[in-house]
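Trainee: The lines below spell out each chain.
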Amino acid sequence: MPGLQVPLEHVLMMAAALFIAGLVGLMVRRNIIFILMSLEVMLNASALAFVAAGAHWGQADGQIIFMLILTVAAAEVSVGLGLVLLLQRRFKTLDMDNANRLRD
Amino acid sequence: MNLAAMQGLLPLLVLGLGAAVLMLQISIRRQLGWSYAITVATLLLGAAAMEPAMQVAPLQVTPLLRVDNLGLFFGSLFCLSGAVTAVISRDYLRSREGENEEYFLLLLLSTLGAVILAYSTHVAALLLGLELLSVALYALIAYPERGTLPLEAAIKYLVLSGAASATLLFGFALIYAALGSLEYAEIAVQISAGRAATSPALILMGAAMVFAGLGFKLSVVPFHMWTPDVYEGAPAPISGFLAGVSKGAVFIAVLRWFLESGFFQYSSLLAGITLLSIASILVGNLLALLQTNVKRILAYSSIAHLGYLLIVLVAAGVSPEPGLAVEAGGYYVVAYVITTLAAFSLLGLISRQSGDREYDQLSDLAGLFWKQPGLAALFTVALLSLAGIPLTAGFIGKFYLISAGVDAALWGLLAALVIGSAIGIFYYLRIIYTMTTVGEQANPGTTADMLVGSRLVVYLLIFAMLYLGIVPEPLMGYLRTIL
Amino acid sequence: MLDFLWLIPLLPLASAALLMVTAGSLPRPLIAACGAGSVGLAALCVLLTGLSWAHDPVPRQMELWTWMQVGTLRPTIGFYLDGLTLVMMSVITGVGFLIHLYSTEFMEEDESLSRYFAYMNLFVAAMLILVMADNLLFLYLGWEGVGLCSYLLVGFWYRDPVNGAAARKAFVVTRIGDTAMALGLLLLFTELGTLDIQQLAELAQGKWQPGDTTIVLATALLLGGAVGKSAQLPLHTWLPDAMAGPTPVSALIHAATMVTAGVYLIARNHELFLLAPPTLLAVAVLGLLTLLLAAFTALNQHDIKRILAYSTISQIGYMFLGLGVGAWSAGIFHLVTHAFFKALLFLAAGAVIHCLHHEHNIFRMGGLRTRLPVAFWSFLIGSAALAALPFTSGFYSKDQILLAAYQWPQIGPWLWAGGLLGALLTAIYSFRLVFIVFFGEAQTEPDRQPGWRMALPLSILCVASIVGGWISLPLAEALPATQSGHPAAAVEWISIAIPVIGVSLAYLIFLGRQLDLSALVNSGLGQRLHQFWYSGWRMDALYNWLWVRPYQFTARLLKDEPVDLAYNGVVHTSVALHHLLSNLQTGRMRWYASTMVGGLIVLLAVLARAG
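Protein chains in written order, with our numbering: chain V, 1 to 104; chain U, 1 to 483; chain D, 1 to 611.
Source of the hints: derived by calculation from the structure; they are not laboratory data. Glycine is no exception: its CB is placed at the ideal position from the N, C-alpha and C atoms. Honestly, I wouldn't trust all of these hints.
[As the list claims (entries may be wrong)] Reference listing, derived: stretches of chain V covered by chain U, where coverage requires no fewer than 3 residues with Cβ under 8 Å from a Cβ of chain U:
1) 14-22
2) 48-59
3) 65-72
[As the list claims (entries may be wrong)] Listing some non-contacts, in silico: residues in chain V with all C-beta distances to chain D over 10 Å:
4) Asn44
5) Ala75
6) Gly82
7) Phe91
8) Asn100
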């Protein structure tokens with residue numbers, strides 16, 4: 001059945017709120033694990049927006065993109081977690097503010 | 001999927017097959033020489049596969065990919081650039097311990113991502129290409145086991161790049177919500193059909209977010225902060241790949257998105273791009289001014305160069321006949337990719353046996369002219385080309401760009417370009433000057449122990465930069481026919 | 001042979017490149033062979049070209065290569081071959097080869113032989129490009145190339161700061177003209193959309209009426225370039241100082257070829273100049289004034305090379321006069337004969353200087369007639385041609401110019417009379433030189449005799465200086481004919497008589513001593529006039545007073561003042577901005593993410609406002 005049961009705007013607002021929540025997390029969190037989680041939230045917020053828009057237009061495209069985003073997010077995070085392990089081993093901390101040797 | 005489509009996608013198939021073979025080889029028996037050989041062979045074959053593919057072009061293969069001369073040409077440019085990176089990396093990795101076979105696998109996958117970007121005509125293809133390129137690069141940046149710098153660089157790049165991807169996707173989602181299409185050509189149809197009028201705010205917001213996301217990959221100000229840190233931390237050949245291939249591929253993708261989906265019609269978007277372009281040119285050049293780390297200088301200079309390149313987008317949007325601007329953009333990308341590769345190749349090659357750190361300080365280059373005249377010549381030509389001195393590829397590129405700018409009467413952008421180039425000459429020439437001074441520290445290994453492949457690549461790059469500067473017309477003529 | 005036209009400039013260019021790359025590591029005989037041989041081969045190629053041209057004398061254009069094509073701009077490397085090009089090429093490679101041969105002996109003991117020949121070959125290549133180019137942009141490349149080589153060769157002995165200063169002066173003064181010329185090129189390009197010489201001529205004739213402001217301005221700017229390069233008033237002051245270079249350099253660059261580039265430029269673009277009668281008038285008047293001024297000055301010099309330098313300025317003045325009155329072929333004809341006899345004079349002077357411990361002052365020479373017979377005969381023949389004594393080459397060419405001037409409407413007779421006065425002075429100063437240097441008491445003994453490599457070029461140039469007037473140049477196609485009609489016989493007779501009178505006067509004053517001018521010279525007025533002329537009409541002082549001093553004064557005034565502040569301000573601002581921005585690169589990822597968010601918000605705001 002084509003169409004969306006709730007107004008598209010509401011879902012987009014919801015997605016935007018999630019996105020902003022992720023962004024804020026990115027800016028204020030210092031622990032790399034939480035930063036990666038914020039990243040996930042941002043990616044999934046856009047995925048949600050795609051699903052909603054796809055439903056609105058009655059197309060499967062939105063959901064396909066959603067799957068793609070999930071895959072991409074998984075790939076990103078798996079590499080990310082690998083790096084987290086290394087970070088813990090070499091810096092003895094997960095606080096990203098300590099990793100600032102590369103600077104002007 | 002018929003035979004013609006297979007033929008059109010041959011470069012992609014070759015690269016994918018090569019990656020599979022490489023994976024098998026690694027799992028059967030680790031042997032760096034073999035991995036290296038397979039990688040280079042695959043990349044060269046991928047570049048050569050352009051020839052058969054061109055016979056079926058232009059061809060739309062599924063809504064995702066478009067096989068046309070533009071994509072094929074730049075696809076093979078990226079393959080060749082990947083091959084250059086592989087050759088330099090081989091020399092770079094020789095003295096560095098560890099299991100380096102996967103390094104080449106990642107490089108191959110990353111190049112595949114770049115080639116997909118050059119073909120992309122759909123959001124999904126863009127996403128796939130972009131992520132294939134980036135995810136492989138995260139690992140490549142963190143590859144060396146030296147110290148903490150590569151790791152720090154990789155984490156910064158991963159997190160910020162992920163955020164940029166999310167922004168980009170959110171932007172596309174908004175555009176999708178407004179127009180109901182993910183395919184560039186379809187978007188263009190919808191825009192011209194007037195459907196955009198119902199929700200212009202959504203579309204503009206979406207476009208802004210898409211541009212911000214792609215602007216991050218292009219390291220356009222104010223999305224540029226990561227660039228020097230990541231380039232400094234990454235192994236030099238990978239920095240070159242990041243600066244050259246990754247940015248070149250994303251720029252081609254942006255060019256396609258921008259032109260094919262008709263976003264150039266939005267004058268407000270053009271105003272935003274103008275702003276970003278001017279900011280990039282000025283900030284990039286100013287940041288490089290007194291920098292003493294050569295990799296950071298090159299990073300800042302690449303920010304400025306992408307600022308120059310953005311002029312192309314504005315010119316293409318403003319001028320009624322966008323041909324000249326697109327040609328200029330194509331030429332500039334070629335010149336920029338080759339020159340950037342050359343510059344970072346030098347850093348990779350002098351750091352062959354530098355142990356834990358790389359020779360990336362300005363003082364490390366002191367006296368290079370007397371120790372390794374061949375490499376110094378390579379770097380000199382590359383710097384002159386970056387500065388846009390006549391008889392180098394960079395000069396023609398900049399000249400082309402200025403012509404396009406004048407054609408579209410973009411005086412503000414041209415003023416920024418001129419001021420930026422003037423600042424640029426200072427720090428480029430400072431590096432050349434340093435190379436001529438008599439230095440006592442640093443003893444980058446002699447040329448004698450450079451691998452044959454590296455030497456060949458050095459000569460090829462010098463030749464390419466000079467050839468494109470002295471005999472630019474063949475490439476110009478070719479670009480005119482394909483764009 | 002015509003297909004191999006590109007070989008002609010390439011030969012000296014390749015030799016220059018070889019000599020530069022090897023940087024003196026080749027054995028000296030090889031350097032000399034390479035330097036002189038490449039120009040010799042080029043001369044041979046020109047000869048072959050001339051022969052095949054003689055079979056089929058049709059102008060042709062050869063486009064070798066397009067550098068690039070951006071919009072309407074399409075700079076090409078291409079050659080245009082017609083009679084004029086052929087004449088210029090023959091002079092450059094022919095006289096050039098003789099001078100190179102001469103140099104192999106003259107510069108034999110110089111430690112920088114390789115550098116010398118590299119510069120000389122580069123010069124020949126650039127000069128060939130200048131005359132062979134089919135478009136003004138390529139011509140300009142050659143034009144700047146010869147300027148660069150002139151700079152390098154004037155300052156060849158750079159250890160003496162005086163030479164460096166002379167080189168700088170030559171470069172800066174000609175640069176004023178070059179800038180004017182560049183502006184002229186830009187103007188022509190914006191107006192007509194091409195720089196191809198033939199197309200320019202066609203388009204200009206279609207677009208403008210004679211005397212239209214734009215074409216007058218464009219040709220005046222081109223004239224500015226010509227005046228600078230050819231050392232005409234008011235940009236002539238660099239040439240006498242340029243004598244600081246080795247003598248063969250003076251012979252090749254500052255007498256035979258480069259300084260006549262301005263004449264070539266005007267002749268090559270005569271279609272444009274014909275559309276601008278006011279500019280042509282300016283050419284004639286400038287030429288006349290220059291030739292008189294330089295002749296007076298030459299009369300009062302005592303450095304042998306400076307006398308020749310002023311006479312060069314004066315003779316180019318004749319060429320300009322010829323061009324200005326529409327005697328195109330006569331102007332080029334005089335260019336050719338002048339190249340022969342002035343190269344001869346310079347080389348002979350070089351022989352004297354070479355054999356006389358680098359003595360330049362003519363009053364410390366004397367009596368060299370029997371001691372340096374080769375130099376004497378060369379000098380005698382060269383001076384006869386310079387003075388335009390009947391049956392020498394200079395006579396025919398100068399005569400044609402004067403006759404054409406006489407027939408020019410309105411001020412023609414005045415131009416003619418001025419030219420005659422110049423001819424009289426020329427005869428006097430050239431034979432003053434001969435009589436003082438080669439007759440009378442010996443002052444300095446020569447310590448050697450010129451060898452065959454110096455004597456042979458001198459002999460060949462002697463022959464050319466005499467018979468040069470009988471050659472008919474293939475210019476009929478390339479340049480418009482001079483208007484015909486013979487003036488009264490008296491006019492012809494006067495122009496024949498004047499040089500003879502001049503020589504006799506010189507004899508009476510400087511050798512026979514029948515005419516004693518010492519009272520006149522020693523009188524207060526005479527002394528002052530002598531000083532005035534000796535210093536070249538105080539042009540240097542005038543320029544010094546007019547331009548250099550005020551400039552230096554302003555520079556001193558502004559040393560720590562507003563203008564410098566502005567420049568320093570740019571630097572300080574850049575550095576301050578650099579530090580400001582650099583401090584933002586903190587290395588903290590969260591800060592980076594925040595700037596990205598900020599950037600996104602700004603971008604959204606811009607779009608919201610603009611949209």
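Trainee: Run every hint past the structure and note whether it holds.
Mentor: Against the structure, the hints:
{"no.": "1", "hint": "14-22", "result": "holds (count 4)"}
{"no.": "2", "hint": "48-59", "result": "holds (count 8)"}
{"no.": "3", "hint": "65-72", "result": "holds (count 4)"}
{"no.": "4", "hint": "Asn44", "result": "holds (18 Å)"}
{"no.": "5", "hint": "Ala75", "result": "holds (20 Å)"}
{"no.": "6", "hint": "Gly82", "result": "holds (17 Å)"}
{"no.": "7", "hint": "Phe91", "result": "holds (13 Å)"}
{"no.": "8", "hint": "Asn100", "result": "violated (3 Å)"}
Going through the hint list in order, the structure does not satisfy hint 8, though it satisfies all others.
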